[in-house]
Structures are given as structure tokens and as C-alpha cells.
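J.: The lines below spell out each chain.
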Amino acid sequence: MRKIRIRGRCEYPGCVEAEALVSPKPLQGFANVNAERGYTTERNHPLFKVPYKGKVLVFPSPRGSGGFMVYGVGPNKPAAFIHTASSPLNVLCALQAHVPSMTDFERDPMEVIETGDLVLVNADEGYIEITKKD
Amino acid sequence: MVYLTDDEKRMLQGEAGKIPQICMQYLVEMCEIAGAERLVDLDGTGDMHTPGNVFSAYYSFTLEDLEELAATGAQFKIPTFANKSPFPEEAPIHGWEHCNACYKQDKNCRQDDPAFHDMAMHEEFMRLYRKMGMLTSHSCANYLTMTYLPSIGQHCSWFESSQIPYCNAVLGARTNFDGTFATCFLGKAPYYGMHITENRYGTVLIKTERLIQTDLEWDVYGFAVGEAVACDVPVLTGTAKPTTSQLQKLNSAIHTGGSVAMYHIPGSTPEAPTIEWAFGGRKPKREVLIGERELKQAYETLNFHTTDVVDMVYLGCPHLNIVDLMRLARKLEGKKCRIPLWIMTNPWLYDAAKSMGYVKIFEDAGAYLMSGTCPAAMGAVPEGVRNLAVDSAKQAYYITGCYPDDDNRLQVCYGSTDDCIDAALTGKWHGEWR
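Read top to bottom, the protein sequences are chains B and U.
All letters in the first sequence, in the order written, are residues 9 to 142 by my numbering.
All letters in the second sequence, in the order written, are residues 11 to 444 by my numbering.
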């Protein structure tokens with residue numbers, strides 16, 4: 009199995025390994041995410057109604073309202089957040105979630121990670137390690 | 011590592027009391043996540059959602075804590091304005107008795123029930139906040155009525171997606187998306203992002219094929235630019251000079267399509283006297299064309315309907331300014347709506363509109379003026395509404411998120427204000443992209 013390691017900046021510390029859920033589009037909060045159900049409700053979104061609980065949620069950037077923080081709320085939240093571009097919306101989300109969160113990678117994780125890959129998010133030591141699914 | 015002043019350290023250790031300590035802990039953690047090395051003392055204004063005493067599962071204070079604090083004479087450090095009506099119900103401040111929608115579609119939470127409305131105003135918190143100096147303006151567009159705008163370069167702490175670019179790009183003041191009780195009460199915010207001059211320069215050059223000049227064009231264009239640039243700082247060329255209404259549309263749409271905290275319109279916005287200035291003397295990292303194809307695509311994305319039969323019309327995202335209310339009153343005077351039409355404004359403007367007779371004109375036409383909230387914030391439209399017409403990219407794109415299930419989907423017709431008025435009068439959608 010192929011492993012790829014990418015260094016990045018820790019937003020919120022911690023170390024966790026879980027399966028990746030990749031959003032090819034930016035994620036939007038407020039009315040377009042439902043914390044009780046644990047999925048995005050944005051119409052026509054590739055992750056519409058796809059549960060993110062326990063996943064390493066990988067996305068290019070957040071967009072929209074400060075309600076983006078809802079992705080970090082409640083028992084259905086992801087195991088970790090990985091995103092390419094940073095925005096104050098991610099800061100609000102990490103403050104809610106208190107799970108490992110990373111950004112500002114030396115190589116865009118969106119180019120490497122696919123849904124179903126196993127991703128070790130070691131925010132404490134500033135890297136992610138991707139085990140590609142066969 | 012976050013550098014704190016001696017005063018800030020004392021606050022963090024609890025020497026100034028419980029609430030200041032919680033606020034400081036929250037701000038230090040925000041600095042760590044954002045990569046900010048220190049806090050900045052705010053000299054502008056604040057904007058926060060109320061009650062806002064629960065920052066997260068890890069940081070909160072109780073009503074009793076706040077009562078104790080207010081009794082000491084403690085004041086918000088900066089002039090602080092309340093964003094939309096109090097959480098979580100976000101009930102209308104005015105016109106609630108006409109609001110036959112249920113909070114998050116829960117039939118036990120009717121917004122037109124007087125007991126529910128009383129509870130939803132959270133006066134137990136608001137009376138203490140007013141005592142501490144908060145201006146309870148309750149709007150997503152507080153800049154329309156605050157009468158005390160931050161000046162160029164002042165450091166602020168605001169909330170609400172549409173207000174962030176308004177503060178940075180239109181006013182030339184400086185804010186990240188972080189307005190909370192902690193920032194407004196202490197008058198401090200993490201020093202990163204939009205507080206730093208370097209981060210405010212343009213990075214992406216936007217071109218168009220048509221002159222962007224109508225309200226609808228600005229709204230569609232804003233959404234398309236936001237989708238194209240995500241978190242970058244676009245420099246908008248090929249546009250007319252926007253009106254206040256068009257700035258409201260641009261700011262709300264650009265932060266719906268993307269996460270745009272700052273943009274420049276050379277020759278129009280204060281930090282961009284020229285294109286070169288807007289880019290800080292550097293070359294753009296890329297150019298993006300928002301041409302005819304991109305505009306049409308955005309318009310189609312914002313529409314989400316299979317039928318042209320409209321059940322209800324909503325105008326007022328962001329909350330309407332007084333000129334928009336005047337124009338609506340003139341257009342609706344003597345007319346009769348066939349379907350419900352809700353018009354939403356800022357609570358302080360509601361009183362102005364009422365004194366000029368607009369509330370009566372609207373009601374005679376079968377429309378209702380409300381204030382302080384919107385359907386997406388309440389999480390619902392009235393029961394039975396299956397197709398809503400709106401003139402706002404932001405509302406069009408959020409409201410359907412409240413109805414994700416196939417057996418309960420909501421459709422949206424999106425177009426110009428005139429398309430929406432026509433729909434209110436005829437019950438049919440005739441809008442199209444031109």
C-alpha cells in the first residue's frame with residue numbers, strides 16, 4: 009500500500025486516523041448543513057446527504073455564512089478537518105469542534121486524497137499521512 | 011505562541027473575573043488556530059449575534075454570570091451592535107403577528123404565537139446587554155442604520171457574511187469574521203487576516219464581457235465571482251459604480267458563492283484609487299473572466315424550480331434599505347398581491363417606513379413588512395409553500411437547505427425585484443436571464 013506524507017500547519021492539535029471524505033466543492037454552512045443529521049444539505053452538492061461523522065473531512069475551502077461552524081458541532085462531527093485554503097470560517101469551526109484540523113500544506117491535499125483513503129492527521133507534529141486505497 | 015500584554019495575562023489568569031477570563035481563553039485559542047501572534051486593540055465597532063453567551067461547547071457563561079457582570083457597571087469596550095434577532099429562534103422583531111411560519115418547521119413553535127414571540131426575544135439577556143451599552147439594532151445589515159460607521163483603517167470585529175466585505179471593501183475598516191461577545195466586550199481580536207495591510211491587496215483580476223450595472227447583474231455577478239475566487243481578494247473591473255442597494259447585493263452574493271472578505275473596485279472602493287494600487291504594485295496571480303457563459307450559469311444555479319407557479323415572494327435579503335422600501339411602496343401602491351409577499355428590513359428602518367406610510371401601503375396591497383430576520387434564519391417558510399420567489403442569491407441558495415427531503419422539497423424562483431413583484435401580483439414566474 010502506498011503512503012504519502014504532506015506537511016502542513018496545525019490549526020487545532022491532536023492525532024487521529026480515519027477514512028477520508030473528500031468534497032470536490034467548497035463546503036457551506038448555515039442552512040446548508042444539518043448538525044443533527046450530520047450532513048450537508050446544499051442542493052446539487054456532491055456531498056448532499058453524505059454523512060461526515062467520524063470521517064477526515066477534506067475540502068478546498070469553506071464558503072458562505074459564519075454558520076459554517078456548524079460542521080464542528082455535536083456528536084456527528086467529523087474526526088478531523090483538512091482544507092487547502094484557510095479562512096476565518098475554519099477558525100470558527102475548529103473552535104467548535106476541538107478535533108485535529110490542518111491547512112496551509114506544502115502540497116494541495118485535494119490533489120492526493122480520494123474518498124475512502126485512510127488518512128492519519130497528526131496535527132501535533134504538523135503532517136498528514138495518506139494510505140491510498142488499492 | 012501567542013504574545014499577551016501583562017493586562018491580558020492577568021485577565022487570562024482570572025484576575026478580572028470569570029467572564030473576562032472565559033473571553034480571553036477563547037481569544038487565545040482563536041489566535042492559536044488562526045496562527046495570530048497577538049491580539050489587536052479594536053478602535054472601530056462590533057457586531058455580534060445575541061444572546062451569544064454560548065461561544066461553543068467549551069466556552070460559555072450563564073445568565074447569572076452576566077447579571078453579576080452587568081451589576082458591576084461593566085460596558086462593551088467598543089460600540090457594539092446586535093446582529094439579527096436573538097438566537098436560536100430568530101423571530102421577526104416587527105410584523106411577527108403576520109409571520110405564519112414555524113421555527114425550523116416545528117409546529118409547536120409558531121412565530122405568530124405571542125407566547126413564543128415573547129420567549130424568542132430573550133429579553134432577559136437583551137436588557138442586560140443594553141445596560142452594558144449594546145445597541146440592539148438586530149439586523150444583518152447594521153451598517154444601514156448604525157449612524158456610527160467605523161472610519162478607514164479602524165479595527166473592528168463584525169459577524170455576518172455580507173457585512174464582512176462591506177466593512178473591509180466598502181468602508182475601508184478592518185474586520186475578520188469574528189464578532190462575538192468576547193471580541194466586543196474586551197475590545198480585542200486576533201491580529202491576522204484583514205487586520206494586516208499586506209493581506210488586503212488584490213490577488214485575482216476579474217474581467218467581464220458586459221458592463222455590470224443592474225441590481226440583478228450585480229447579484230449574479232457577485233455569486234459567480236465568489237465561486238471563482240473562493241478565499242482570494244478579487245479586483246473587479248468592467249463594472250459600473252455600484253449603488254448602495256447593489257453593494258448590499260454584491261457583498262451578500264460574493265460571500266455566498268465564496269468566502270470573500272475583501273475586494274476592490276478601482277475608482278470606487280476606498281483602498282483602490284487605481285488598479286495598480288489595488289494590487290499593491292504586484293501582478294495578479296491569475297485573471298478570471300466572468301463572461302456571458304459564467305453569468306448565465308450562475309443565474310441557472312440560483313434558480314431551482316420545475317414549475318412556474320409561485321406560492322410566495324420574499325424580498326429583503328440582506329435587509330432592505332429605505333430607498334428600496336420607498337421604491338417597493340411606489341410600485342405596490344394601489345395593487346393587490348395574489349400570493350403572500352413578505353418584505354424584510356432592519357428594525358430601526360421599520361419605524362421610518364411606518365412613519366412615511368409604507369407599512370399601510372404594503373398591507374393595503376396584501377403584503378407584510380417585517381424586520382430583523384429572514385426565512386433562512388427562521389429555517390422555514392409558511393407551511394404549504396412549495397415554490398418561493400426571491401431576488402437574492404444569498405436567500406435563494408440557503409433556503410432550500412432547510413428542505414433537503416424529497417417529500418418536502420422547496421423550489422426557488424430567482425430573478426430581479428421586478429420579476430418578484432410581478433410574481434406577487436400574478437402568482438406566476440416570468441423571470442429570465444437577459
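Quick caveat, the hints were computed from the structure, so don't treat them as lab data.
Any given hint might turn out to be false.
Stated by the list, open to error - With a straight-line cut-off of 30 angstroms between C-alpha atoms, the simulated DSS-like cross-links for lysine-lysine are:
| no. | chain 1 | residue 1 | chain 2 | residue 2 |
| --- | --- | --- | --- | --- |
| 1 | B | 61 | U | 114 |
| 2 | U | 87 | U | 438 |
| 3 | U | 306 | U | 295 |
| 4 | B | 33 | U | 114 |
| 5 | U | 438 | U | 346 |
| 6 | B | 57 | U | 306 |
| 7 | U | 306 | B | 33 |
| 8 | U | 117 | B | 57 |
| 9 | U | 438 | B | 61 |
| 10 | B | 33 | U | 295 |
| 11 | U | 217 | B | 33 |
| 12 | U | 370 | U | 346 |
| 13 | U | 141 | U | 117 |
As the list claims (entries may be wrong) - On the chain U side, residues computed to face chain B include the following (Cβ under 7 angstroms):
| no. | residue |
| --- | --- |
| 14 | 43 |
| 15 | 44 |
| 16 | 169 |
| 17 | 187 |
| 18 | 238 |
| 19 | 240 |
| 20 | 266 |
| 21 | 315 |
| 22 | 347 |
| 23 | 410 |
| 24 | 412 |
| 25 | 416 |
Fair warning: this is a prediction, and the values are worked out from it, not measured in the lab.
Glycine is no exception: its CB is placed at the ideal position from the N, C-alpha and C atoms.
J.: So, for every hint listed, does it hold in this structure?
T.: Here is what the structure says about each hint:
Proximity of residue 61 of chain B to residue 114 of chain U is assessed by CA-CA distance (about 23 angstroms); at most 30 angstroms being required, the pair is judged to hold. Proximity of residue 87 of chain U to residue 438 of chain U is assessed by CA-CA distance (about 51 angstroms); at most 30 angstroms being required, the pair is judged violated. Of the supplied pair hints, the one linking residue 306 of chain U and residue 295 of chain U holds, its CA atoms being roughly 26 angstroms apart against a limit of 30 angstroms. Pair hint residue 33 of chain B plus residue 114 of chain U holds up; C-alpha atoms about 26 angstroms apart against a cutoff of 30 angstroms.
Distance hint between residue 438 of chain U and residue 346 of chain U is fulfilled; the C-alpha atoms sit about 14 angstroms from each other, no more than 30 angstroms. In summary, the hint linking residue 57 of chain B to residue 306 of chain U is supported, as the alpha carbons are separated by about 27 angstroms, within the 30 angstroms threshold. Our distance criterion of 30 angstroms between C-alpha atoms is met by residue 306 of chain U and residue 33 of chain B, whose separation comes to about 20 angstroms. Taken as a hint, the residue 117 of chain U and residue 57 of chain B pair is honoured in the structure, with Cα atoms around 24 angstroms apart against an allowance of 30 angstroms.
Pair hint residue 438 of chain U plus residue 61 of chain B does not hold up; C-alpha atoms about 42 angstroms apart against a cutoff of 30 angstroms. Using a Cα cut-off of 30 angstroms, the hinted pair residue 33 of chain B and residue 295 of chain U holds, with the two alpha carbons roughly 21 angstroms apart. For the suggested pair residue 217 of chain U and residue 33 of chain B, the alpha carbons sit about 23 angstroms apart, so the restraint of at most 30 angstroms is met. Of the pairs offered as hints, the one joining residue 370 of chain U and residue 346 of chain U holds, with about 13 angstroms between alpha carbons and a cut-off of 30 angstroms not exceeded.
Taken as a hint, the residue 141 of chain U and residue 117 of chain U pair is broken in the structure, with Cα atoms around 35 angstroms apart against an allowance of 30 angstroms. With a least beta-carbon distance of about 5 angstroms to chain B, the hint placing residue 43 of chain U at the interface is held under the 7 angstroms criterion. Because the beta carbon of residue 44 of chain U sits about 5 angstroms from the nearest beta carbon in chain B, less than 7 angstroms, this interface hint is met. At about 6 angstroms, the closest approach between the beta carbon of residue 169 of chain U and any beta carbon in chain B falls short of 7 angstroms, and the interface hint on this residue holds.
With a least beta-carbon distance of about 4 angstroms to chain B, the hint placing residue 187 of chain U at the interface is held under the 7 angstroms criterion. Look at residue 238 of chain U: its Cβ only gets to about 11 angstroms from chain B, farther than 7 angstroms, so that hint breaks. Given hint, residue 240 of chain U at the interface with chain B, holds; its Cβ is 5 angstroms from that chain's nearest Cβ, closer than 7 angstroms. Given hint, residue 266 of chain U at the interface with chain B, holds; its Cβ is 5 angstroms from that chain's nearest Cβ, closer than 7 angstroms.
The beta carbon of residue 315 of chain U comes no nearer than 11 angstroms to any beta carbon in chain B, farther than 7 angstroms, and the hint placing it at the interface is violated. Using the Cβ-Cβ criterion of 7 angstroms, the hint placing residue 347 of chain U at the interface with chain B is not satisfied: the shortest such distance is roughly 26 angstroms. About 5 angstroms separates the beta-carbon of residue 410 of chain U from the nearest beta-carbon of chain B, less than 7 angstroms, and the hint is met. Hint status for residue 412 of chain U relative to chain B: holds, with the closest Cβ pair at about 5 angstroms, below 7 angstroms.
Violation of the interface hint for residue 416 of chain U is found here, the shortest Cβ-Cβ separation to chain B being roughly 10 angstroms, above the 7 angstroms cut-off.
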